[in-house]
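Protein chains: 2
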Amino acid sequence: MDVVDIGLTVKKNEDFSEWYQQIVLKSELTDYSEAKGFVVLRPYGFSIWDKIKQFFDKRIKALGHSDAYFPTLIPENMLKKEAEHFSGFTPEVFWITHAGNRKLDEKLAVRPTSETIAYSSYSKWIHSWRDLPLLLNLWNSVLRAEIKSTKPFIRTSEFLWQEGHTVHETKEEADLEVETIFEIYRVLIEKYLAIPTLTGKKTEKEKFVGALYTLTLESLMPDGKALQMGTSHNLGQNFSKSFNIKFLDKNENEKFAWQTSWGISWRLIGALIMVHGDDKGLILPPKIAPIQVVLIPIYYKDKDKINIDKKISEVSNSLSKIQISNYVDNRDDHTPGWKFNHWELKGIPLRIEIGPKDLSNSELTIVRRDNYKKTRIKEHEYKNIKLILRDIQSNLYNRARDNLKNNITDVTDYKKFVKIIEDKKGFIRTCWCYNEKCEQKIKEETGSDIRLIPMKTEKIFSNCIYCNKPAKAVVYFSKAY
Amino acid sequence: MDVVDIGLTVKKNEDFSEWYQQIVLKSELTDYSEAKGFVVLRPYGFSIWDKIKQFFDKRIKALGHSDAYFPTLIPENMLKKEAEHFSGFTPEVFWITHAGNRKLDEKLAVRPTSETIAYSSYSKWIHSWRDLPLLLNLWNSVLRAEIKSTKPFIRTSEFLWQEGHTVHETKEEADLEVETIFEIYRVLIEKYLAIPTLTGKKTEKEKFVGALYTLTLESLMPDGKALQMGTSHNLGQNFSKSFNIKFLDKNENEKFAWQTSWGISWRLIGALIMVHGDDKGLILPPKIAPIQVVLIPIYYKDKDKINIDKKISEVSNSLSKIQISNYVDNRDDHTPGWKFNHWELKGIPLRIEIGPKDLSNSELTIVRRDNYKKTRIKEHEYKNIKLILRDIQSNLYNRARDNLKNNITDVTDYKKFVKIIEDKKGFIRTCWCYNEKCEQKIKEETGSDIRLIPMKTEKIFSNCIYCNKPAKAVVYFSKAY
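Protein sequences, first through last, are from chains A and B.
Quick note: the first sequence uses my numbering, first residue 60, plus one each step.
Quick note: the second sequence uses my numbering, first residue 60, plus one each step.
Treat the hints as calculated values from the structure; they're not laboratory data.
One should not assume that every hint holds.
If several chains are the same, the list does not tell them apart, and a pair holds so long as it fits within one copy or across any two.
[As the list claims (entries may be wrong)] In silico SDA-like links for lysine to any residue, alpha-carbon gap of 20 Å or less: (1) Lys-266 <-> Arg-189; (2) Lys-183 <-> Pro-102; (3) Lys-183 <-> Glu-87; (4) Lys-117 <-> Ser-106; (5) Lys-475 <-> Asp-74.
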């Protein structure tokens with residue numbers, strides 16, 4: 060197979076959308092399926108998702124959360140219990156009308172999210188303060204019919220995610236849960252995925268329907284659009300009142316419970332691709348890469364083969380011992396050049412080449428995926444490889460952070476606002492009067508919305524960008540996925 | 060809460076079905092959901108399923124298998140590609156006709172199993188011998204409409220399972236895969252779940268539709284019915300011909316690939332409950348128990364509390380250090396008696412009590428879940444606890460094995476055959492002529508079928524049980540779930 064066959068045929072900054080499609084397919088993260096709007100998560104894509112899962116799962120388990128599994132199908136009448144919440148999903152729900160040839164007495168919905176099915180169980184399980192807190196997390200898939208064109212990890216009719224659903228005695232405990240999970244999300248996204256975020260609250264208009272408030276993490280994609288990376292909601296007592304989730308407190312008073320829900324999905328993989336990838340393919344931050352180092356032997360003569368294979372195997376073992384995950388690509392039926400391209404496409408952070416010259420000099424040739432820098436290090440200096448991986452991790456983060464910083468513009472003039480949105484120049488930082496009419500008008504006129512009201516209050520620097528009345532908060536606008 | 064409230068109100072040998080229902084609900088393994096035929100897997104049930112997953116997943120990963128995720132929905136026309144295979148599922152398929160208010164152009168099936176959706180992808184992915192073997196495993200749920208009454212873990216309209224789907228160059232490689240997985244299943248079921256099995260091949264009539272042959276593991280439940288615990292199929296080239304899964308071999312010849320599929324489901328939890336449980340509740344074999352030891356402090360006076368809590372905490376840490384999973388139940392709002400019942404219901408293999416007398420004698424009181432034997436051991440003799448857990452594991456297996464042995468009857472007379480099936484007395488070992496008509500007649504007349512033709516050929520001891528013509532094999536009959 061020729062080198063050209065496996066590489067990307069478009070550049071990231073020339074046709075971003077086609078570039079993205081090629082990466083997800085050619086690096087074998089995912090594939091389209093024969094069901095329109097649905098994709099297959101292939102083993103390589105799954106292994107990245109699994110790293111994300113492991114990171115998050117370990118941390119929430121340590122905090123006392125448990126797994127559960129709720130049914131995929133929900134009877135129609137149940138969905139009516141929280142009609143306000145559910146109406147947002149109505150156009151996207153897949154409806155089952157038949158089992159075999161038999162028409163069902165009642166239609167069944169394929170879950171677009173599990174609030175209704177979970178909370179009807181919660182009302183049966185919770186009676187006393189002794190039953191609280193209830194801390195459940197579900198790793199599952201949800202289905203929401205997408206009419207727009209399919210974009211793997213970003214817009215598909217089924218996606219993998221986790222949805223956490225917790226129940227508490229007081230608002231304060233629910234607040235703490237919302238913030239604790241939010242912080243785990245932030246560490247995952249910033250420290251592991253190396254993607255900087257803006258953090259804050261959603262406006263009343265943009266919050267999760269039925270929630271008291273929604274916290275959100277927003278990141279900037281290279282096409283100037285925001286991507287919502289994760290959300291954590293304090294649901295207040297809204298759902299507990301609809302679903303009758305009550306408990307007797309320590310003083311034997313009956314109370315409605317306080318709830319939270321929170322989620323991240325495989326769209327984080329989409330963000331990884333978009334933020335870090337380059338014209339050669341994916342670039343994975345070392346902390347989330349299923350394989351951190353690929354080892355490639357380079358033989359010119361058969362007599363080198365035995366010694367080089369032996370050395371490669373030694374290096375691989377030594378890396379494994381210091382917890383650096385690695386893979387030896389010693390296939391005979393591909394050239395080193397083909398392998399370089401293959402593993403660059405797959406985004407492996409570091410490549411080690413060992414040829415006859417490396418062998419005789421007791422050296423390793425190493426090539427970084429983030430900047431293609433090629434250096435030689437002495438054998439046994441494995442700790443250096445750890446340092447280099449750490450440097451790749453921070454370099455990827457810093458590049459993305461600089462890009463984010465350069466694409467936040469302070470705006471006080473609405474014409475300039477409109478122009479920046481048209482030019483797809485990222486986030487606009489501006490001031491707002493808190494009136495939903497202004498928010499709505501801006502959305503209608505520009506297609507952008509308030510992504511968040513920042514977590515740490517920022518100093519107001521003008522009147523409302525739209526109505527010019529006194530502003531109440533600094534907010535961040537952008538178009539979004 | 061009174062002790063009586065949490066215990067079982069029926070005996071296992073008096074009302075087996077009600078006993079089972081009470082265990083699954085009261086020990087909080089599962090719960091019914093508002094969608095008829097569907098159940099919720101609660102955290103305790105999930106933690107047992109997770110132990111099963113971890114055991115199996117670790118072993119297949121070591122053999123090079125990977126995870127993938129295929130869509131939940133399958134377009135109708137795809138199902139027609141393997142019509143023979145699919146017809147078995149037709150009456151059970153949930154059909155989606157609408158998304159929101161929009162009628163779909165083509166109906167979508169909720170997957171009853173993933174052969175069709177996976178193999179249409181395989182035909183795109185496999186071109187060369189270099190792409191083989193392809194070793195994928197899916198942990199997912201499948202949906203099959205159940206009309207009969209719901210029995211958690213055994214008969215529900217959705218269940219959790221794993222389905223492995225592999226592709227190979229030759230029949231021999233596929234045979235080896237089928238046998239390798241089968242052996243992992245056997246070790247899981249016999250050594251970890253402590254449930255003895257009969258192993259063998261299914262008849263042509265009973266094999267997986269579309270398979271060349273099916274290997275099966277069958278266990279005996281206390282009501283005299285067999286439960287199929289897991290199956291491993293060599294699919295031959297049947298599916299590769301339907302789905303056009305071809306590859307160029309090393310000599311550049313185009314060939315159809317050889318495939319296998321194999322699965323176990325959460326029904327293994329159902330088997331655990333039925334085989335080992337007693338009138339007090341669940342009994343979990345130590346190797347599969349999420350918690351192996353529960354530690355319960357017993358105070359009579361407040362002054363004891365500090366010292367006993369300290370001791371309990373020491374013991375807990377020491378057990379953790381030698382990989383014995385344990386839980387300290389030091390809740391103040393329940394009596395020791397309540398706790399004993401609670402953890403017996405949940406099937407924890409071993410209980411350690413520490414009261415003032417234990418403390419002053421430097422002893423621990425230990426109570427086995429399998430036989431209620433109460434003994435005292437010296438503190439620090441933690442290795443004894445390992446030995447006791449091992450003994451519980453083998454005792455549970457031996458009990459079940461004796462029960463299996465006592466419920467296999469050699470039969471040469473059809474009248475006796477009919478009587479044994481009517482009396483629900485387990486497996487019948489008999490001889491068969493290999494004629495499907497005899498097999499069919501026996502099924503119609505007795506409701507029992509050939510569960511397997513044993514793996515190791517057994518000596519024929521009579522003519523065919525039905526037609527009295529010369530027999531070709533010893534087979535095992537039984538009614539089954």
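Right, here's what the structure says about each hint:
1. Lys-266 <-> Arg-189: The answer is neither: 31 Å in one copy and 50 Å across copies each exceed 20 Å.
2. Lys-183 <-> Pro-102: For Lys-183 and Pro-102, the Cα distance is within 20 Å only across copies (15 Å; inside one copy 39 Å).
3. Lys-183 <-> Glu-87: Between copies only: 12 Å across chains, 44 Å inside a chain, cut-off 20 Å.
4. Lys-117 <-> Ser-106: both (16 Å within a copy, 14 Å between copies)
5. Lys-475 <-> Asp-74: neither (26 Å within a copy, 77 Å between copies)
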